[in-house]
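Q: Those sequence lines, one after another, are chains D and S. Residue numbers are given in my numbering: position 376 of the first sequence equals residue 360, and the series is strictly consecutive. Residue numbers are given in my numbering: position 79 of the second sequence equals residue 549, and the series is strictly consecutive.
Heads up, some of the hints might be wrong.
[Said to hold, decoys possible] Dumping the calculated EDC-like pairs for lysine to aspartate or glutamate here, alpha-carbon to alpha-carbon at most 20 Å:
id, chain 1, residue 1, chain 2, residue 2
1, S, K543, D, D76
2, S, K559, D, E33
3, S, K552, D, D76
4, S, K543, D, E40
5, D, K354, S, D530
6, D, K331, D, D183
7, S, K552, D, E33
8, D, K354, S, D524
9, S, K543, D, D133
[What the hints assert, rightly or not] Computed beta-carbon distance windows for the label pairs:
id, chain 1, residue 1, chain 2, residue 2, range
10, S, A504, D, T293, 46 to 54 Å
11, S, S560, D, F134, 18 to 26 Å
12, S, P500, D, S55, 56 to 64 Å
Treat the hints as calculated values from the structure; they're not laboratory data. Keep in mind it's a predicted model, so treat the numbers as computed, not measured. We put the beta carbon where it would ideally sit given N, CA and C, even for glycine.
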Amino acid sequence: MKMNIHIVAGVLAGGLLLNPLVSTSSFGQTTDSTAAEQPFVNQPQGGAEKFLLAGEVSTLWQSNQIHGLPSTNSFGADPLGLMLMPLVKITDRLFLDVQVAVTANPAPGGGASASLNEAIIYYKLVSGVNVFAGNFQPRWGLYEGILDDFTNRYCSTPVGMGIGAATESGVGIQGGLQTGYSKLSYQLYIANGPQLIVDSTGAQNGQLNYGNYTDNNKSKAIGGSLGFLPFSNSNLEIGVSGQYTPKTGDAGTAFENISSTSYAVHLNYYHVFNPLMVRLQGQYEYTQTQGFDLYTNSSDTALLVPKFTNQLSGWYGGITFRLSGSESMFLSNLELGGRLSNLTMPKDALWGGNPINQTTICLTYWFTWKTPLNIAYDIYTQSGSPTQTALTVRGMWFF
Amino acid sequence: MKNRIGIKTTLIAITIAIASTLTINGCKVPEGIASKSGAQLWGENCNRCHNAPDPHTFSDDQWDAAVEHMHQKAILTDVETKKIVEFLKSAN
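Between the sequences and the hints, there should be enough to build the whole structure, so can you do that?
A: This is the structure:
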């Protein structure tokens, strides 16, 4: 494992060092004669940087009902719903991609706080090979890894998602390749990886923390994904993603060598059967933390955590319909979606329980290509618990 | 040991999948693919995940940054990225 990581790191470092020599393009200045001979030069010049401040603003109203209890409604836990994405194309090879979420503090007079979702620097080595480093969301199936709100046509989050690789700090390599009529996309990375939670109460024992800027041991996670688009019009993508972390526990503790394995498979298909556009999406993901069986709070036997197999799985599948070819502008801007999702947790963990099922129906009206208004109805069922429903109205504006 | 076997198996499977695809399709880009216009690639690739953007949305420099973002996020090929950004700029 260590050797594999060293090989990957060596290849990345070697590529970065050698590339300026073989491509004649570098961050440094070149002589005028070199520049004249090489029209494809990426040295920074005055006003050469390309900048865009993208992002999204959203607001929502939600009514929640637990069977047998009075309903409640609110204007969302985060009424601000602001996300900023400064994008800087520094040269033809160098690109900076940042994503900052601004969250309102629900307490009266609480103001707002900002958190860094992503900060990635990309460098194009050669065609189809890009090196990246920073704080990034790995390409993890279909739902995670790209701008979720922008691609989620069901308003709410599928209950079965969020298992497996999340935000990581590390380095990687990725690219897209045309292979005849089909296409491939790939990503490989090494990162700090998830950290095992072992708390004194046992309430979260066995869960994994992601988004770690500092590592809790010397071991690194290795992950990757492969997307395959078999048709020449790119309307079908099937893909696999995986991540392996040999050590998730704190260094020097009994839990250090507990490993974690996650994978995901996904499908994304769209087609226009004029005038009807159909979009079909689905994803399955799975995570297992090996060697985590029994942890107790030694001072309180009442908090004894029962033995459990620490694995989670989730899936979702959805389909949307839009009369995109209709002559009626109103009808062509309407999109109707239905989605099913499931989350299966360790039944005996304090944070686990019976599987949760979610059924979602969502109607979206697109005021413009980037301004949707969603009305969604979610039903959550779990054996042994009352059925919960949520009616959500959400407006969004991407800029 | 078990985990090492798992990683090796995964890496071998990925390698075989890539090699098989390359072998089946060949590395040469067919004329039907190479001749695709930026407008066609814009429609095909953007609509796969979200509505295709209105070409009048951004300035030339902003399109450079926006399409490079999608180049990396959606992992488009370099040729697709170049053609799409040229098409979007042509609307300005």
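Q: Which of the listed hints are broken here?
A: Those not satisfied: there are none.
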